[in-house]
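A.B. asks: Letter by letter, the chains look like this.
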Amino acid sequence: MPERSGPSRLCVRGGTVVDERGERRADVLVEDGIVVAVEEAIEVPAGTRVLDASGCAVSPGLVDLHAHLREPGREDAETVETGARAAALGGYSAILAMPNTEPATDSAAAVRTLLALGAGACTEVAVAGAITLGRAGERLAPLAEMAELGVRLFTDDGRGVQHAGLMRRALEYARPLGVVLAEHCEDEELAAGGFMHEGEWSSRLGIPGQPALAEEAMVARDIALVRLTGSPLHFLHLSTARSVALVRAARGEGLPVTAEVTPHHLSLTDAEVASYDPVFKVNPPLRTAQDVLGVRAGLLDGTIDAVATDHAPHRSDTKDEPFDSAPPGMVGLETALAVAYGALCLTGDGAASGLGSWSVPDPDGAERSPATLTQLFAWLSWKPARIAGLDARSGQGGPIAPGSIAHLCAFDLSARWKVDPSRSASRSRNTPFAGRELVGRVRHTVVRGEAVVVDGEAQR
Amino acid sequence: MSGRDLLSIADLGREGIVDVLKLADSFAEVSEREIPKVPALRGKTVATVFFESSTRTRLSFETAAKRLSADTMTFTAATSSLSKGESLRDTVETLDAMGVDAMIVRHACAGAPKQVARWVRAAVVNAGDGQHEHPTQALLDCFTLREALASRAGVEPADDLSGVRIAIVGDVAHSRVARSCVLAYGALGASVTLVGPPTLLPATTAGWGVEVSNDLDEVLAEVDVVYLLRLQSERLEESLIPSLGEYSERYGLTRDRARRLRPELLVMHPGPMIRGVEIDDEVADSPRCLVTRQVRNGVAVRMAVLFRLLTLGDRKASDDGQERRSA
Numbered sequence: 005m006p007e008r009s010g011p012s013r014l015c016v017r018g019g020t021v022v023d024e025r026g027e028r029r030a031d032v033l034v035e036d037g038i039v040v041a042v043e044e045a046i047e048v049p050a051g052t053r054v055l056d057a058s059g060c061a062v063s064p065g066l067v068d069l070h071a072h073l074r075e076p077g078r079e080d081a082e083t084v085e086t087g088a089r090a091a092a093l094g095g096y097s098a099i100l101a102m103p104n105t106e107p108a109t110d111s112a113a114a115v116r117t118l119l120a121l122g123a124g125a126c127t128e129v130a131v132a133g134a135i136t137l138g139r140a141g142e143r144l145a146p147l148a149e150m151a152e153l154g155v156r157l158f159t160d161d162g163r164g165v166q167h168a169g170l171m172r173r174a175l176e177y178a179r180p181l182g183v184v185l186a187e188h189c190e191d192e193e194l195a196a197g198g199f200m201h202e203g204e205w206s207s208r209l210g211i212p213g214q215p216a217l218a219e220e221a222m223v224a225r226d227i228a229l230v231r232l233t234g235s236p237l238h239f240l241h242l243s244t245a246r247s248v249a250l251v252r253a254a255r256g257e258g259l260p261v262t263a264e265v266t267p268h269h270l271s272l273t274d275a276e277v278a279s280y281d282p283v284f285k286v287n288p289p290l291r292t293a294q295d296v297l298g299v300r301a302g303l304l305d306g307t308i309d310a311v312a313t314d315h316a317p318h319r320s321d322t323k324d325e326p327f328d329s330a331p332p333g334m335v336g337l338e339t340a341l342a343v344a345y346g347a348l349c350l351t352g353d354g355a356a357s358g359l360g361s362w363s364v365p366d367p368d369g370a371e372r373s374p375a376t377l378t379q380l381f382a383w384l385s386w387k388p389a390r391i392a393g394l395d396a397r398s399g400q401g402g403p404i405a406p407g408s409i410a411h412l413c414a415f416d417l418s419a420r421w422k423v424d425p426s427r428s429a430s431r432s433r434n435t436p437f438a439g440r441e442l443v444g445r446v447r448h449t450v451v452r453g454e455a456v457v458v459d460g461e462a463q464r
Numbered sequence: 030m031s032g033r034d035l036l037s038i039a040d041l042g043r044e045g046i047v048d049v050l051k052l053a054d055s056f057a058e059v060s061e062r063e064i065p066k067v068p069a070l071r072g073k074t075v076a077t078v079f080f081e082s083s084t085r086t087r088l089s090f091e092t093a094a095k096r097l098s099a100d101t102m103t104f105t106a107a108t109s110s111l112s113k114g115e116s117l118r119d120t121v122e123t124l125d126a127m128g129v130d131a132m133i134v135r136h137a138c139a140g141a142p143k144q145v146a147r148w149v150r151a152a153v154v155n156a157g158d159g160q161h162e163h164p165t166q167a168l169l170d171c172f173t174l175r176e177a178l179a180s181r182a183g184v185e186p187a188d189d190l191s192g193v194r195i196a197i198v199g200d201v202a203h204s205r206v207a208r209s210c211v212l213a214y215g216a217l218g219a220s221v222t223l224v225g226p227p228t229l230l231p232a233t234t235a236g237w238g239v240e241v242s243n244d245l246d247e248v249l250a251e252v253d254v255v256y257l258l259r260l261q262s263e264r265l266e267e268s269l270i271p272s273l274g275e276y277s278e279r280y281g282l283t284r285d286r287a288r289r290l291r292p293e294l295l296v297m298h299p300g301p302m303i304r305g306v307e308i309d310d311e312v313a314d315s316p317r318c319l320v321t322r323q324v325r326n327g328v329a330v331r332m333a334v335l336f337r338l339l340t341l342g343d344r345k346a347s348d349d350g351q352e353r354r355s356a
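Chain order of the listed sequences is X and G. Residues in the first sequence are numbered from 5 upward in steps of one, following the working numbering. Residues in the second sequence are numbered from 30 upward in steps of one, following the working numbering.
Chain G with its partners taken away, still in its complex shape (with noise of 0.2 Å):
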């Protein structure tokens, strides 16, 4: 792992994310325990500070801290002094003051974890900035992908993902999921296929080594894993599609859609999914539905993720940050 963040996928690239997995799996182990802790981060802090309102990420690293028996903090916007027009950055330096070791970091702009951590001491992780990336989701889904598969064939989970293809369907202009799973699923050496309408899809996907169609049903007949994206209505009110009927009927698993899927085809989604818009619950409620063993693994993988950062490398050095602009 490069430094002592996790800002990006890339900042991980293929050995980083499959040093992940297999820590993960082992962490996997742990939560089958009658007493699924270990005491590997005793004595650290770990502070969830959250910008943005998000209970199953900011729940699921609570608990991955809690089971690694590291003290936890939590900030979140509503509760902050943020409302008196404090700036991120004093923010995060008076926490970073207090002596948390970790930041795990989600905010509503693109980069705002990457400007953290270059402002306080304790690793930074991104728990979703924006419309960029939401690391750790990818790692779950790859995690979750990965074991899928090998329990399909009767196989320990292989390294990577090579053959696999998988479609990721809906708003990828304006998924950070999306944006990390294209460099996860990527490095591990899946081939990608983008699908939905282009109002949907980033201005240009040059450099980011996937195919893009418009069509679903035309990928569906040629992928083993499709990927749903949630579909936030504010996209209704830009004018990107519209009506949720018309998008449902095109990018989403609708019966129809699904009684003519293949049987091994396996479906993902980040959550919440919204059950009639882009899945149907014949779909959400099928056994080819990885969504809760998505869920599950998410603990065991951000569990690999802060033991890696807190344990590994060393600490940041007092420079590393660039230095304060003096006012």
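Next comes chain X alone, as it looks inside the complex (with noise of 0.2 Å):
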């Protein structure tokens, strides 16, 4: 341990440093949890920690707009803790807790509960809360008195807010709040009873499918919302190529949309089910390789904004049961990254991808070209840091200079890695991901100056 008179400093060294300014090579040192200096072989004083970063993309901690932290109510699926420490493992520095707990986190009392949970976890814990009570999409949440806690984002999240009405006067309510509200599109009328994308592999299987329909109808809905009323709205876990081409004509016409998509959908498609296994059970569906393709062209364009997990932990046994009674959902927070860029700056290589015979191939070999480090960052840290107002609040996002809050993540581009579930942080182990080998794999994360992962292990 350092000694306590002098200050505590660590340096983050030999990587390449890409933020929002773009790639350098570059040392980071840090005091007290400050950026002090970011340039190249930086002579550090005595006393010093030294985290090796060779090989590595040094970037602001990621930033997960979509994880479900399952306390309270189902701790023994995921605790805030065991949550955060997966997310830190991953390389985030900040997660957002998604409201549908149970209780659901639908009043100041429910807020409150949660951040303190949060406020000893080893990543900064944000907190999203219900548009409506209970999620029941009957009645409005009071969203003025969880914003005051600093509730930036609202969501029903699970559920889509399925009366347009409400939805209409939850934007109207929340626009002088400075909050966003974030939709889960899910018309569940269409969606009813399927439990995977309908289509030709539902067809065959005999699985009742939903259609993309069911998801599409609602952002279109949305948008139509979001025009009339004039307030941001934030689209969840887009998986269609059809809803990125409703947002991006939404945002062509200058409306306040943001979205998001998951590692899984711009890397899994729908014939995955065929093995019935329920790890590949998740909302909205796994889908067509077309829709993959569709989704991966939505960040490329700027269409869509960020890549959020949707870290939805469930407890073995409960994958134990057949395809159609188990619950939707799969954990992310630790594969997140290596998914994201194996699927986004690796594709045109297939062999070099990583993602193997499971990669979706770009359509007759067409050439892509693949995502820069900046990008694939901007997806997994300062566009979401934004969106959840996490960048003015607590310096998520970047940029990685002097002066900064330190949150940082040393990604190792090249480490070869099989995702092994028995050995996740998180409680449960439901990854669609197991016994996969990926490209790229998280080495130190910093939080607020504090080293919460080194060496791929969770240091508390």
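Hints are computed from structural coordinates only; laboratory data are not their basis. Predicted, not measured: the structure shown is a model, and the values here were computed from it. C-beta atoms are modelled at their ideal positions from N, C-alpha and C, and glycine is treated no differently. A couple of the hints might just be wrong.
Stated by the list, open to error - Covered stretches of chain X (in silico footprint by chain G; criterion: 3 or more residues with CB under 8 Å from a CB of chain G, positions within the stretch not fixed):
1) 209 to 223
2) 324 to 332
Said to hold, decoys possible - Some but not every residue of chain X turned toward chain G, in silico, with C-beta under 10 Å:
3) Phe199
4) Glu276
5) Tyr280
Dock the two chains into a complex; use the hints.
C.D. replies: What follows is the structure, given as structure tokens:
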């Protein structure tokens, strides 16, 4: 331990710094939680803890807009503490806790409880509130009261707000609060009884499907409501090519909409369900290869702002049930960055991507220029930080410059590793990437100057 | 047969199907004997594991197992510990631990037998899973059809059904029988047309190798066999059809329609038949209707399936199943 008398110093050495300003070779020196120097070959004062970042991209800490931490209510599946630890291992310095807990985060008291739980966690835990009481979609939750405690994003995630009239009022009411509503787009009547994407695979497998339209109809409705109310709206986990096209047109119109996509929708298709393994059951469901290409294109052209995990832990035994009756959801915090890196930065070269035979090829072998590291970290760090309002509040999302709060992720770009669910820090094991080899692994994570992950090991 | 399970007709392929049909020929002969029993599976234990009620399929499998001298065990969800919240996996692993050689699994959810096969050492036979498949039904249908066509022509049964035109009529979307029949008939060279209102047909039949029609009368003029599917009353509540009467009028083998049928046209149904909806009494009881033969052949075909699974091929390797995800 460094002596208490002097400042606590940390140097992330030998990596390539990647932030909104671009990429450059630099070491990062941190003193008492604040970045004090970003230069090549810094000569560190004695007593400085040095973290080797050679071969790594050193980015601002990742920010997840979409984590289900299950506490309170389902602590058997995840807690704030275990979810935050999994997040740190995945390179995250901040996560947004979704409100579909039991009870739902739909009151100031519930927000305070979660903030208190998050205070001791190894990443920043921000809280998302529910739009409606109990997420029942009937009566407005006290948005202003929760906003006063710092809640910046509201959603009934797990469900969409089914009634258009209520969603309109929610958007109007939220407008002066400086917050953003976020929608899980799923028309429950159109989706009713469907457990996977409706199409060739559902028809063949005999699993009732839900049409892509169940998502797209609500995206279209909500865009019209944003046009009417002028309030900002964030689209959670977009999964179809048409949803992306709708949002692209809305942005073209100048409407204040933002959107996210999950790592699994960037990398997996409904063909996975042929195994009938419920680990591939998720909402929105895995879609077709065309949809995977559609959401990738949405990121590349700026229609989609962020990659968000939709980390949804479930106890193993709930996935030991038939596909129909198993709960939907996948864990994702520990694999998100590597999966996104493989799907977005390494495409065009299947062998190098690490995605191997399960990667979705570009149609007709078309050459698509892969994303840059700056784009990748924009989607995983500073853009989501801005959507959640965590840039201004706690310096999430960088840039990595003297004076900024030290939230850092060092990502080893060439490490190959096999996903082993039994080694996960999450309380749940439901990863669709179990047993697959990924390229790129988080080596260190620094949160407010504290090295919470060093050499791939959680420090607390 | 690929592996030690029969989960889908696709596991068999054309060769496997033909093999089962030929074996079933000899087991059909056994069933005719005064003591219809052979010692082929003495010492083996066959468990019927039914999470969805079905008396006829269960009895057919149990009869088949007994005629092969296997010991039988019966597990049904109603008498199980499932109501106590035990997972599917724990339930079947418990049964497996008792030393069962084959599990005949029926479940209301598609894919459940495939999951079970990953978890247990026993060979697994899919006895119907949700809206997915019912492979032994399709096999006994192929057997019955091939036998009927041969006896009419006065020849030995052919290996395949090439050139035979078959219409599968009704609620294809929700039918596990239809999915298995499409695969089996197709593998044997028959041409298949699916007939029904769009609400009862699958979202897409891309890759199925079938024709699709909404007009039964048009199709009847062109096929050799009409395979009727059962219509469940839930389809009314889901607004997939307006009324049983309208369904019957358009897609049932009504008396009127029956009188216009070519004499050589054959009628099949997996049962249970709803007389007056899918099929009129007059058709159901006519010689062109093969329903009783389908049921009788079910035993011989299931004997063939069990015999093949339990006497041929290697024992399932212990690491065949997926490693249990640690809790």
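A.B. asks: Now look at each hint and say whether the structure bears it out.
C.D. replies: Now for the hints, and whether the structure bears them out:
1. 209 to 223: holds (count 6)
2. 324 to 332: holds (count 6)
3. Phe199: With a closest approach of 9 Å, the Phe199 (chain X) hint holds.
4. Glu276: 12 Å, violated
5. Tyr280: 3 Å, holds
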